[in-house]
Amino acid sequence: MTAENRRVLRMLCKVVLLVSLPLTGFVWALPETSALLPAALALTLLSVAVGFGAEVLASSTENELTAFGQRALADSQRRGQELEMQDEKLRQFDRIVNLLTEQNHTLRAKLISAQMTLQRHMEGLDTLEASAAGIEDFVPTQAGFASIAH
15 MTAENRRVLR
25 MLCKVVLLVS
35 LPLTGFVWAL
45 PETSALLPAA
55 LALTLLSVAV
65 GFGAEVLASS
75 TENELTAFGQ
85 RALADSQRRG
95 QELEMQDEKL
105 RQFDRIVNLL
115 TEQNHTLRAK
125 LISAQMTLQR
135 HMEGLDTLEA
145 SAAGIEDFVP
155 TQAGFASIAH
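Here the sequence shown is numbered in the working numbering, starting from 15 and rising by one per residue.
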């Protein structure tokens, strides 16, 4: 039975209880006759049954609410644990990103240093080639003078 159906049935039981209780009291207050005694007993039993039914329906609704509350609490705790795990994963990813960023910067610095060293060596080679070319130019001219002098 759904919660809505239980609520409607409980309300009907309470309405019947509110009507039957005063009626039962009135019938019991009448002078005793053999015809009224079974009616009084029937109204009494009806009042007890309807009251008991209303309480059973109320109890089942309370149990359902308690179960929903416990389920909601368990779900919120589970979600909290999942969020903590996700936060930890995000922190780990942040650490990895930071580590990779630092390694990237280090490698870039090494690359720039290597490029600068290579550039210095290239400039040194250019200077050496230029001086070697200058020496080659200088040596034949002196050799020419030396050959003339001999």
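Any given hint might turn out to be false.
[Said to hold, decoys possible] Distance windows between CB atoms, simulated:
| hint | residue 1 | residue 2 | range |
| --- | --- | --- | --- |
| 1 | Leu142 | Lys103 | 52 to 62 Å |
| 2 | Phe66 | Lys103 | 50 to 60 Å |
| 3 | Asn77 | Thr47 | 42 to 52 Å |
| 4 | Leu26 | Gly83 | 36 to 46 Å |
| 5 | Gln133 | Leu104 | 13 to 23 Å |
| 6 | Ala86 | Leu51 | 29 to 39 Å |
| 7 | Leu59 | Thr80 | 45 to 55 Å |
| 8 | Arg105 | Arg85 | 25 to 35 Å |
[As the list claims (entries may be wrong)] As a list, the in silico EDC-like pairs of lysine to aspartate or glutamate whose alpha-carbon atoms are at most 20 Å apart:
| hint | residue 1 | residue 2 |
| --- | --- | --- |
| 9 | Lys28 | Glu18 |
| 10 | Lys28 | Glu69 |
| 11 | Lys28 | Glu76 |
No lab work stands behind these hints: they were computed from the structure. The beta-carbon is built from N, C-alpha and C at its ideal position, and this holds for glycine as well.
Verification of the supplied hints:
Between Leu142 and Lys103 the beta carbons are some 57 Å apart, a value that agrees with the proposed interval 52 to 62 Å. A beta carbon spacing of about 55 Å between Phe66 and Lys103 agrees with the range 50 to 60 Å that was offered as a hint. Roughly 44 Å separates the CB atoms of Asn77 and Thr47, a value that falls within the hinted 42 to 52 Å. Range check, Leu26 to Gly83: about 27 Å between beta-carbon atoms, so the 36 to 46 Å window is missed.
The hint said 13 to 23 Å for the Cβ distance between Gln133 and Leu104, and at roughly 42 Å that hint is violated. For Ala86 paired with Leu51, a C-beta distance near 52 Å fails the hint of 29 to 39 Å. Range check, Leu59 to Thr80: about 31 Å between beta-carbon atoms, so the 45 to 55 Å window is missed. For Arg105 and Arg85, the Cβ-Cβ distance of about 30 Å falls inside the hinted range of 25 to 35 Å, so the restraint holds.
Among the hinted pairs, Lys28 with Glu18 is consistent with the structure: their alpha-carbon atoms are about 15 Å apart, no more than 20 Å. This hinted pair checks out: Lys28 and Glu69 have alpha carbons roughly 9 Å apart, not beyond 20 Å. At most 20 Å may separate the alpha-carbon atoms for a hinted pair to count; Lys28 and Glu76 meet this at roughly 17 Å.
Hint check: violations occur at hints 4, 5, 6, 7; the rest are consistent with the structure.
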